[in-house]
Amino acid sequence: MKNIRWGGLTGFFIITVVIAGSFLLFAEPLTRSFLETQLTQLNKAKVDIQAVDIAYSPFSITITNLQATDARQPMTNMFEIARINFSLSISDLIYKKFIVDNMSLSGIRLNSPRKTSGLIKSPKKEQQQKAQQNGFDLPNIAFPDIDDILSKEPLTSEKLISELNLDIKNTQKNWQLINEDISDTDRWTRHEKQYNQIQKDLKGNFTQKLQAIKSAKKLSKDLKAEAKKISQARKTVSSDLSRLNNDFKTAKKSPKEDIKRIKDKYSINKLNAGNITELLFGSKAAEWVRLAQTGYERIKPYIGDDEKSNEEQQEIPVRASGKNIVFNEYNPRPGFYIHKISVDAITDRGLFTGLITEVSSDQSINKQPTRFKLSGKDLKHSEKEVINGELNYINKSTGFTEILYSVTKHQLIDYQVSKASSLPISIKKSYMDVAMKLRLHNGAVAGNSRLDFDKVDFNTDNSGKVNSFSRMLANSLEEVNRFYLDIKFTGDIQKPKFKIRSDLDNRIGKQLKSQLNKRKLAFETKLKSKIENKIKEPMKNLENELQQLNQIKDKLNSKEKELQAKISSLKKQTKF
Amino acid sequence: MLSQIIKFIQIISSETAPVQISAGIALAMIPGFTPLFSIHNLIVLLVLLMLRINIAAFMLALALFTAFAYLLDPAFHSIGQIILTQEGLQNFWTELYNSTFWRLTGFNNTVVMGSLIVSLVALVPTLLLGNFLIRHYRNDILVYLNNSSIFKAFKSSKLFTKIVAAAE
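If you read the sequences in order, they're chains D and Y.
Counting from 1 along the first sequence, just add 388 to a position and that's the residue number in the numbering used here.
Counting from 1 along the second sequence, just add 470 to a position and that's the residue number in the numbering used here.
These aren't lab readings, by the way, just hints derived from the structure by calculation.
All residues carry an ideal CB built from backbone N, CA and C; glycine is no exception.
A couple of the hints might just be wrong.
[What the hints assert, rightly or not] Using C-beta positions, here's what the derived DEER-type ranges look like:
(1) D:Ile482 x Y:Ile525: 47 to 55 angstroms
(2) Y:Asn568 x D:Asp441: 51 to 59 angstroms
(3) Y:Tyr607 x D:Leu427: 55 to 63 angstroms
(4) Y:Trp572 x D:Leu427: 29 to 37 angstroms
[What the hints assert, rightly or not] Take a look, some chain Y residues computed to stay more than 10 angstroms from chain D by CB distance:
(5) Asn579
(6) Leu593
(7) Asn616
Generate the whole structure from the sequences, applying the supplied hints.
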C-alpha cells in the first residue's frame, strides 16, 4: 500500500469530475458552436443558431432560431427555423451515428431578411452574370432600303453586261475584216461579170465555148477559194456568236442571282417570327431552369451525390491520424438517420405543412427511400399548392430523385415575362395551374411542366422604341386571354435542354408568319423590278449589237450559199 | 533543450528510486506514441497519479516520445493495419467493434492500434532497461565523476552554477 499515492488517486478523480462537469456545463455552447461550424461549411454561407438546449433524461436537443444564409444573397436567409426538437440515443452518438426517431421543425420561414451579412466568400461572378440575364431579343424584321442597297451593292448583272459589251466590241472589231471582205463589191462584181461572160460564151461558137470552159475552171477555182474563206469566217462568227449569245442569256438571268445574293447578305430569308412561345417564354423558362438548378445545388449536399458519396466512403489514410478500419456491424445503421420530420413552414405564400420520412445518409442500409410531402392550403395567391417527392438511392447506381409539384388557381399579378427593351411584356393579371414532374438520375434531368393560363391580361408597352415585329406581336398578344405552356426538360442538370410548346404558336405565330411572308415577297418583287430597271437599257443595247452581229452572220451564210450555187453550176456546165 | 537534459540528469542523479524514474519513462511511451486524447490514456493518467512514479521523468519522456511519434506514425499505421486486418482476428475485432466501450477507445484506428501495441510491447523492456541504466549510471558513472578532479572543479565553477540556475 505504500506504493499507492492516495493524494494522486484523489487528484485523478477530482480532475475527472472537473472535466465531466465542465463538459456538461459547456455542452450547450460547445454543441451550438460545433453545429454552426459544420452547417456553415455545408451551406457555404453562415448558419447561426440562437440557442441549443440539451436535456439528458431522455437525451434530447432543442435548437432555437436556426438561420441559414442564402449563399447567393448574404443579407437573406435561405431558411429560418424557429424551433427544431429531436431526441437522440447517446450510445448511437458514441458509434458516431446521428439517429433520430422523430424530429419536429416548426416556424420555418423562407427568404427572411438578415440583420448582418452571412457571407463567408464572395459569390461567383458567373452566377451574378447569369442572374442578370433576362428578357429576350425580339427579331428585328425591318427590311433594308432597296435604293440604299442598290447604291452600294455592285450588281453581278451590271458586271456581266459590261463584260459582254466589251466582248461584243472586240468581236465586232475582229469581224470588221470579214465584213469588209464580203462587202468588197468590186471583187464580187468582177466575179459576177466573169460568171455572166462564161454563161454567154457557153452559148457561143466552139472557140468561145473553149474559152468559157477555160475561164469557168479559173473562176471555179477562185470561187472555191472565196467559199473556203467565207466558210472559215462563218465558223469563227458562229462560234463567237454562240459564246456571245450564251453570255447574253447569263446576263439576262443574272438579276435572279443578284436578288438571291442580296437576300442572303441581308438575311432576308432568316427573318422569321420563329417559335413565338420560345421567343416569349424561352428566357423565362431558362430562368425557371436556373432556379431549379439552384434548388438542386442547395439540396445536393443533403441528398448526396452518388459518385461523391462513393468517393467520400473511401477514407484516405493520413499519416498522423491513421485509417479507421470498418468491421461488420450487428445492427447496421446509417451515419445519419431521421425516421420522421414534421414540418410547418411560413412562407410569403402562406403556411405549408408536411412530413419528411426516412432521411438517411445511406439508404442502402435502412432500405427505405426518403419521401416528402408539403402542402399549403388557402394560400395568399393560390388555392392549393403541393410538392411531394421521393429521393430513392437504395441502389446507388439506379438512384433517382423525383419531384411532383402542383399549383391550383395561382393568381399572377404584374408578372414580368420580358424586360426586353424592344418590347417589355408582362401579365397584368391571370390565373395559372401548374403540374410539374421532374426526375433526376445520374446528374441528368427529365421532366415536364404544364402551365395553364386563364383569364390572361397581357400588358405590352409598345410605345417606346419598338420594331415592327414587336408592334405586330403586341397587338396579337392583347387578344389572347387563355393559353398553355408545355415545357419539357432533358439532359444534364447543369445544362438542360428544354422544349417549350404552346398554343400561342398557333394563335399568334401563324398570323405573324403570314404577315412576314407577304412583306418578304413584296421586298423581293420590288428589288427585282429595281434591278431589272437598272439593267434594262444596257441589255437593250446588247441585244441590238448582237442583232447586228447576227446580220453579218446571215450575210456570210447567204454569200456562202450563193458561191456554192455558182461553183456547182460552173461544174455542171463545164462537164464534157 | 539544454534545460531538459539538465533536468533529466538531476532526476537520474537524485535520491529517487530508479524504478520510479524508469516506470515514468516507460509509462510515458503510451501517451507519447499513441494519440493523446484516447480513453486508454486516462488509465495511464490514473496509474501515474496513483502509483509512486516520477512525474517529472514522465513529463520529460512524454515530450521525447511525442516528438518521436511523428516519425514513427507510418510504421504504427502499417503495424495497426496488419493487426486489424489479420484473418484470424476478424471475429474478435468485429465483437469489439460492436461494443460501445471499445468503439470509444478507437481501437479500429490503425495508428491507435499500432502505437498502443508497440508501446505495450516495449513497456516492460523499457522499464527494465531504464532501471538497469540508472543503477549503472548512479553506481559507476556518477561515482567516477564525483571523484574526478576536473568534474569537482567544474562543479565549483560559476558556469556550473549558471547552468543549474538556468535549468531551474
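For each hint, the structure was consulted:
1. D:Ile482 x Y:Ile525: 47 to 55 angstroms: With a Cβ separation near 31 angstroms, Ile482 (chain D) and Ile525 (chain Y) fall outside 47 to 55 angstroms, so the hint is violated.
2. Y:Asn568 x D:Asp441: 51 to 59 angstroms: violated (32 angstroms)
3. Y:Tyr607 x D:Leu427: 55 to 63 angstroms: Holds: the Cβ-Cβ distance is about 58 angstroms, inside 55 to 63 angstroms.
4. Y:Trp572 x D:Leu427: 29 to 37 angstroms: holds (31 angstroms)
5. Asn579: violated (5 angstroms)
6. Leu593: Leu593 (chain Y) is indeed farther than 10 angstroms from all Cβ atoms of chain D, at 17 angstroms.
7. Asn616: holds (30 angstroms)
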